[in-house]
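There are 2 protein chains.
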Amino acid sequence: MLIALDAMGGDSAPRETVAGAVRAVTQPVPGVYADESLPDDFGVALVGDRAALEPLLDEMIAEAAAAGADADAVRARIIVEHASQVIGMSDSPVEGLKRYPDSSIARSVGLVAAGKAAAVVTAGNTGASVAATHQALGRIKGIRRPGIAVQLPSLGEKPALVVDVGATVKCQPIHLFHFGVMGHIFARSVMHIEKPRVGLLNIGEEDAKGNELVRATRDLFAESPLHFIGNIEGQDISRGKCDVVVCEGFVGNVVLKVSEGIAEFLTETLGKLGRELGSDSALALVKNLRERTDFSTYGGAILLGVSGTCIICHGRSDRRAIANAIFQALTHAHAQVTERITQGLSSDVPTGAR
Amino acid sequence: MLIALDAMGGDSAPRETVAGAVRAVTQPVPGVYADESLPDDFGVALVGDRAALEPLLDEMIAEAAAAGADADAVRARIIVEHASQVIGMSDSPVEGLKRYPDSSIARSVGLVAAGKAAAVVTAGNTGASVAATHQALGRIKGIRRPGIAVQLPSLGEKPALVVDVGATVKCQPIHLFHFGVMGHIFARSVMHIEKPRVGLLNIGEEDAKGNELVRATRDLFAESPLHFIGNIEGQDISRGKCDVVVCEGFVGNVVLKVSEGIAEFLTETLGKLGRELGSDSALALVKNLRERTDFSTYGGAILLGVSGTCIICHGRSDRRAIANAIFQALTHAHAQVTERITQGLSSDVPTGAR
Numbered sequence: 629m630l631i632a633l634d635a636m637g638g639d640s641a642p643r644e645t646v647a648g649a650v651r652a653v654t655q656p657v658p659g660v661y662a663d664e665s666l667p668d669d670f671g672v673a674l675v676g677d678r679a680a681l682e683p684l685l686d687e688m689i690a691e692a693a694a695a696g697a698d699a700d701a702v703r704a705r706i707i708v709e710h711a712s713q714v715i716g717m718s719d720s721p722v723e724g725l726k727r728y729p730d731s732s733i734a735r736s737v738g739l740v741a742a743g744k745a746a747a748v749v750t751a752g753n754t755g756a757s758v759a760a761t762h763q764a765l766g767r768i769k770g771i772r773r774p775g776i777a778v779q780l781p782s783l784g785e786k787p788a789l790v791v792d793v794g795a796t797v798k799c800q801p802i803h804l805f806h807f808g809v810m811g812h813i814f815a816r817s818v819m820h821i822e823k824p825r826v827g828l829l830n831i832g833e834e835d836a837k838g839n840e841l842v843r844a845t846r847d848l849f850a851e852s853p854l855h856f857i858g859n860i861e862g863q864d865i866s867r868g869k870c871d872v873v874v875c876e877g878f879v880g881n882v883v884l885k886v887s888e889g890i891a892e893f894l895t896e897t898l899g900k901l902g903r904e905l906g907s908d909s910a911l912a913l914v915k916n917l918r919e920r921t922d923f924s925t926y927g928g929a930i931l932l933g934v935s936g937t938c939i940i941c942h943g944r945s946d947r948r949a950i951a952n953a954i955f956q957a958l959t960h961a962h963a964q965v966t967e968r969i970t971q972g973l974s975s976d977v978p979t980g981a982r
Numbered sequence: 629m630l631i632a633l634d635a636m637g638g639d640s641a642p643r644e645t646v647a648g649a650v651r652a653v654t655q656p657v658p659g660v661y662a663d664e665s666l667p668d669d670f671g672v673a674l675v676g677d678r679a680a681l682e683p684l685l686d687e688m689i690a691e692a693a694a695a696g697a698d699a700d701a702v703r704a705r706i707i708v709e710h711a712s713q714v715i716g717m718s719d720s721p722v723e724g725l726k727r728y729p730d731s732s733i734a735r736s737v738g739l740v741a742a743g744k745a746a747a748v749v750t751a752g753n754t755g756a757s758v759a760a761t762h763q764a765l766g767r768i769k770g771i772r773r774p775g776i777a778v779q780l781p782s783l784g785e786k787p788a789l790v791v792d793v794g795a796t797v798k799c800q801p802i803h804l805f806h807f808g809v810m811g812h813i814f815a816r817s818v819m820h821i822e823k824p825r826v827g828l829l830n831i832g833e834e835d836a837k838g839n840e841l842v843r844a845t846r847d848l849f850a851e852s853p854l855h856f857i858g859n860i861e862g863q864d865i866s867r868g869k870c871d872v873v874v875c876e877g878f879v880g881n882v883v884l885k886v887s888e889g890i891a892e893f894l895t896e897t898l899g900k901l902g903r904e905l906g907s908d909s910a911l912a913l914v915k916n917l918r919e920r921t922d923f924s925t926y927g928g929a930i931l932l933g934v935s936g937t938c939i940i941c942h943g944r945s946d947r948r949a950i951a952n953a954i955f956q957a958l959t960h961a962h963a964q965v966t967e968r969i970t971q972g973l974s975s976d977v978p979t980g981a982r
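Sequence order for the protein chains is A and B. Take the first sequence: its position 221, counting from 1, is numbered 849 in my numbering, and each next residue is one higher. Take the second sequence: its position 131, counting from 1, is numbered 759 in my numbering, and each next residue is one higher.
It should be emphasised that the hints constitute simulated quantities derived from the structure, not laboratory data. One or more hints might be untrue.
Chain copies aren't distinguished; within one or between two, either way the pair holds.
[Claimed, not checked] No farther apart than 30 Å at their CA atoms in a straight line, the calculated lysine-lysine pairs in the DSSO-like style are these:
#1 K915 x K786
#2 K726 x K744
#3 K726 x K786
#4 K726 x K900
#5 K823 x K900
#6 K869 x K798
#7 K744 x K869
#8 K915 x K798
#9 K869 x K915
#10 K900 x K744
#11 K900 x K915
#12 K915 x K726
#13 K798 x K823
#14 K798 x K769
#15 K915 x K823
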């Protein structure tokens with residue numbers, strides 16, 4: 629199984645993307661394969677400027693070899709696929725795709741469309757990644773708009789899956805409903821939650837609260853066979869009140885980034901306090917918390933609703949985040965989430981389209 | 629200066645509201661008065677069911693006296709104003725105000741309308757508090773919709789003022805623009821920021837990002853004399869990137885509650901870690917962080933755009949939060965924010981109305 633990595637996407641690309649790929653094919657894959665050894669057919673396609681990528685790849689493999697890895701075995705799992713162009717972080721997605729037909733993201737998605745790769749991983753321009761995947765792979769039949777799902781840490785047993793965090797900025801009720809259906813299927817098949825609780829993000833618990841969009845969406849959920857628990861509020865996400873949190877892309881994107889900001893603020897504040905106290909155990913505590921709340925350890929977000937697997941990473945992803953995202957892509961492809969959504973829409977869960 | 633307190637509003641009312649009032653008139657007022665002694669004319673009107681309030685008041689004053697306060701002096705600063713009804717947390721604001729004309733919130737606002745009190749403090753139904761204040765005191769001329777402002781902690785020198793966190797759920801560009809103008813004036817007159825940086829909450833920094841609402845609002849700000857720094861993203865709030873964060877009420881409410889949830893999640897996680905480590909200094913650190921991130925210490929939110937001062941507290945406010953909110957109401961009334969907004973709109977800052 630080959631994973632296509634947009635090697636030019638992200639704030640620290642291509643150094644960190646190449647390092648992430650090497651890390652992914654060097655380390656065992658915890659939780660994905662029972663024996664935690666790498667499957668024979670697992671490999672990564674580094675997509676981007678060959679002249680930039682080859683020397684970095686040599687460097688990273690040499691580093692891995694110095695740490696004890698088998699250089700030939702690592703090298704055998706990585707191919708470089710040339711793409712001459714890059715869509716920048718500030719380029720308009722649609723224009724970028726037109727202007728740069730040989731971009732690393734378009735080429736990466738192309739590998740999936742051609743059946744050569746099982747999934748795409750990118751830390752580049754999110755809008756362009758969504759648009760490229762959408763264009764090349766198409767939408768799952770019955771789904772009107774794609775949604776990006778992220779898992780946010782919670783006090784519950786499992787993280788909370790928030791859909792959408794930015795693929796569909798402006799939504800209609802049916803779009804939100806589809807986010808819930810896809811989140812339900814993802815939570816069942818990948819997160820192994822038997823009966824996922826679906827909640828609608830609102831500004832109060834009562835039915836009458838919120839704007840027209842959430843009120844109309846509420847009715848769609850209430851009539852569906854999903855385990856819909858009704859409105860939830862912002863603080864309920866991290867309290868573990870539900871498994872799937874449904875919201876419009878604009879709101880979800882704000883939720884994601886505010887969470888990140890507050891986590892950063894608290895660990896910074898805590899670090900300062902720890903240094904003031906000068907206590908080793910306090911500093912160890914801060915380090916531990918930082919690890920647990922470092923969003924890069926969570927790997928990427930998953931684009932749901934397109935006919936293929938696309939993992940979207942944080943722009944500032946480091947090698948660890950990229951490697952995690954590659955594992956995530958593997959897990960996702962293995963769990964056949966796209967196939968399950970396609971089946972789910974035609975069987976146990978209605979699309980709500982009418 | 630008399631502050632009207634809706635003694636029946638909030639999850640822990642009337643016990644915590646009464647205790648908060650007693651605390652406010654017993655403690656010195658830090659930062660408000662130079663000598664930190666209570667001004668002679670400062671008092672609190674407890675508005676609500678007299679039969680419930682009087683015995684609680686006796687109990688709390690006895691407690692304060694046991695701790696060394698002068699019972700007579702405390703008693704002299706508190707009056708009880710009877711109101712026979714209460715609007716519950718789940719009542720519809722507009723219907724609630726119609727059905728319960730003698731509600732504690734309507735009576736509280738009535739004291740301000742009659743010129744008897746300088747400001748209202750409430751931890752009750754937010755929608756009803758906004759509607760009651762709006763109805764009884766009216767809007768500031770030129771302002772089309774009220775906005776609730778809260779100060780969120782940040783890594784910057786001062787907290788970030790977020791407007792609106794729930795007064796106007798659905799906004800037009802001109803409403804957001806007015807939130808920015810009012811936030812600017814508040815930041816100058818109460819937070820003592822010479823030239824407040826105003827940012828528009830969006831899902832990307834680029835001009836083209838976001839939905840129609842933010843794009844149209846951006847143009848209004850760009851043409852104004854405010855120190856507008858453009859789009860900001862969720863993580864920028866706690867990074868201290870700007871002083872005033874402008875957003876639609878729905879989004880702002882989610883921001884506020886997500887921030888609260890993440891702070892809660894991190895302090896919980898940290899507490900667990902500290903107990904596992906069994907380290908005293910680690911636990912001291914957790915306690916310190918909890919104090920700093922406990923939203924009750926921030927007191928209340930400020931309703932901007934109405935012709936009078938109204939401080940809206942968290943439903944779960946305890947006595948300390950109520951006392952803080954009473955001090956806040958004093959500060960706000962002293963700073964003449966309402967008057968300054970009224971003047972500001974007719975002088976240095978244009979309303980943007982056209």
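Results of checking the hints against the structure:
For the homomeric pair K915 and K786, the shortest alpha-carbon distances inside one copy (22 Å) and between copies (26 Å) are both at most 30 Å. Only within a single protomer do K726 and K744 lie at most 30 Å apart by alpha-carbon distance; the minimum there is 23 Å, versus 66 Å between protomers. Taking the closest pair of Cα atoms, K726 and K786 never come within 30 Å of each other, the shortest separation being 41 Å inside a single copy and 44 Å across copies. For the homomeric pair K726 and K900, neither the shortest alpha-carbon distance inside one copy (48 Å) nor that between copies (52 Å) is at most 30 Å.
Within a single copy, K823 and K900 get their C-alpha atoms only as close as 42 Å, which misses the 30 Å cut-off; across copies the closest is 28 Å, which meets it. Both within a single protomer and between protomers do K869 and K798 lie at most 30 Å apart by alpha-carbon distance, with minima of 25 Å and 26 Å respectively. In this assembly of identical chains, the alpha carbons of K744 and K869 never lie at most 30 Å apart, being 40 Å within a copy and 44 Å across copies at closest. In the homo-oligomer, the alpha carbons of K915 and K798 never lie at most 30 Å apart, since the shortest distance is 39 Å inside one protomer and 41 Å across protomers.
Taking the shortest alpha-carbon separations for K869 and K915, both the intra-copy value of 28 Å and the inter-copy value of 25 Å come in at or below 30 Å. Proximity of K900 to K744 under the C-alpha cut-off of 30 Å is found in neither arrangement, the shortest distances being 49 Å within a copy and 46 Å between copies. Taking identical chains as interchangeable, the C-alpha atoms of K900 and K915 lie at most 30 Å apart whether they share a chain (12 Å) or sit on different chains (14 Å). For the identical chains of this complex, K915 and K726 are neighbours neither inside a copy (45 Å) nor across copies (55 Å), given an alpha-carbon limit of 30 Å.
In this homomeric assembly, K798 and K823 come within 30 Å of each other (Cα to Cα) only inside a single copy, at 29 Å, whereas the closest approach across copies is 34 Å. Only within a single protomer do K798 and K769 lie at most 30 Å apart by alpha-carbon distance; the minimum there is 20 Å, versus 32 Å between protomers. Taking the shortest alpha-carbon separations for K915 and K823, neither the intra-copy value of 35 Å nor the inter-copy value of 37 Å comes in at or below 30 Å.
Checked against the numbered hints listed earlier, the structure breaks hints 3, 4, 7, 8, 10, 12 and 15; every other hint is satisfied.
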